[in-house]
Amino acid sequence: NAGVMQNPRHLVRRRGQEARLRCSPMKGHSHVYWYRQLPEEGLKFMVYLQKENIIDESGMPKERFSAEFPKEGPSILRIQQVVRGDSAAYFCASSPKSLGQGEAFFGQGTRLTVV
Amino acid sequence: ILNVEQSPQSLHVQEGDSTNFTCSFPSSNFYALHWYRWETAKSPEALFVMTLNGDEKKKGRISATLNTKEGYSYLYIKGSQPEDSATYLCASGSSNTGKLIFGQGTTLQVKP
Numbered sequence: 049n050a051g052v053m054q055n056p057r058h059l060v061r062r063r064g065q066e067a068r069l070r071c072s073p074m075k076g077h078s079h080v081y082w083y084r085q086l087p088e089e090g091l092k093f094m095v096y097l098q099k100e101n102i103i104d105e106s107g108m109p110k111e112r113f114s115a116e117f118p119k120e121g122p123s124i125l126r127i128q129q130v131v132r133g134d135s136a137a138y139f140c141a142s143s144p145k146s147l148g149q150g151e152a153f154f155g156q157g158t159r160l161t162v163v
Numbered sequence: 220i221l222n223v224e225q226s227p228q229s230l231h232v233q234e235g236d237s238t239n240f241t242c243s244f245p246s247s248n249f250y251a252l253h254w255y256r257w258e259t260a261k262s263p264e265a266l267f268v269m270t271l272n273g274d275e276k277k278k279g280r281i282s283a284t285l286n287t288k289e290g291y292s293y294l295y296i297k298g299s300q301p302e303d304s305a306t307y308l309c310a311s312g313s314s315n316t317g318k319l320i321f322g323q324g325t326t327l328q329v330k331p
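One line per chain: the protein sequences are A and B, in this order.
Letter by letter, the first sequence follows residues 49 to 163 in our numbering.
Letter by letter, the second sequence follows residues 220 to 331 in our numbering.
In case anyone wonders, no lab produced these hints; they're calculated from the structure.
Incorrect hints may have been included.
What the hints assert, rightly or not - Label-pair distances were calculated between CB atoms; the ranges are:
1. B/259 - A/63: 25 to 33 Å
2. A/92 - B/280: 25 to 33 Å
3. A/161 - B/286: 38 to 46 Å
4. B/270 - A/60: 40 to 48 Å
C-beta: ideal position from N, C-alpha, C; glycine also.
Just chain A, with the same shape it has in the complex (with noise of 0.2 Å):
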């Protein structure tokens, strides 16, 4: 069973341009949490969706961010027009249940660098 998969590992950005990170959760997983970790600080819950779902999306920036979780493929965090706050490490987690019952499986996260 492959962990959470996470990429690309690495992604460079001219301002302004569009980022897209995809996030494969472990099989039989249906909740996909996606965190940010900026320089020097800790992880920040960005948005929490199931299946086709966002349950939470408390932690997203208003404009500029989206996620999704269709049906069939990967998770998708979408950042639109990036500027150079943007770069940080972006990391999903899986889980087979919410996160009040069982443990999160991170993926190895995607840094991103908005030059």
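Chain B: place on chain A using the hints.
For chain B alone, coordinates are given in the frame of chain A:
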């Protein structure tokens, strides 16, 4: 807004020393407390998920306790080894949501 605080921020110990870290979290609407171990260049890996006040969990030389009434958890490492060097994260969830709020972590360095 939940605030999860961890202390100390970093710790340097000698091989064989025992050590412990603290995680403080809001006790209202508590649902679960997670501990993760994060080695450099790897992903965070779960150590414990704790939900009940007074819970104690153990995995090898590592153990954790939970006090939900006063809002703290301790992580203990007995006889630290160099391979224990990592950042230890705790995370608290309130009510049954997927939102885990992470602390900043305690970075442990064990010298041989």
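Structure-based check of each hint:
Distance hint check for residue 259 of chain B and residue 63 of chain A: the Cβ-Cβ separation is about 30 Å, which falls inside the suggested range of 25 to 33 Å. At roughly 31 Å, the beta carbons of residue 92 of chain A and residue 280 of chain B sit within the given window of 25 to 33 Å. A C-beta distance of roughly 42 Å is found between residue 161 of chain A and residue 286 of chain B, which places it inside the suggested range of 38 to 46 Å. For the pair residue 270 of chain B and residue 60 of chain A, the supplied restraint of 40 to 48 Å holds, since their beta-carbon distance comes to about 42 Å.
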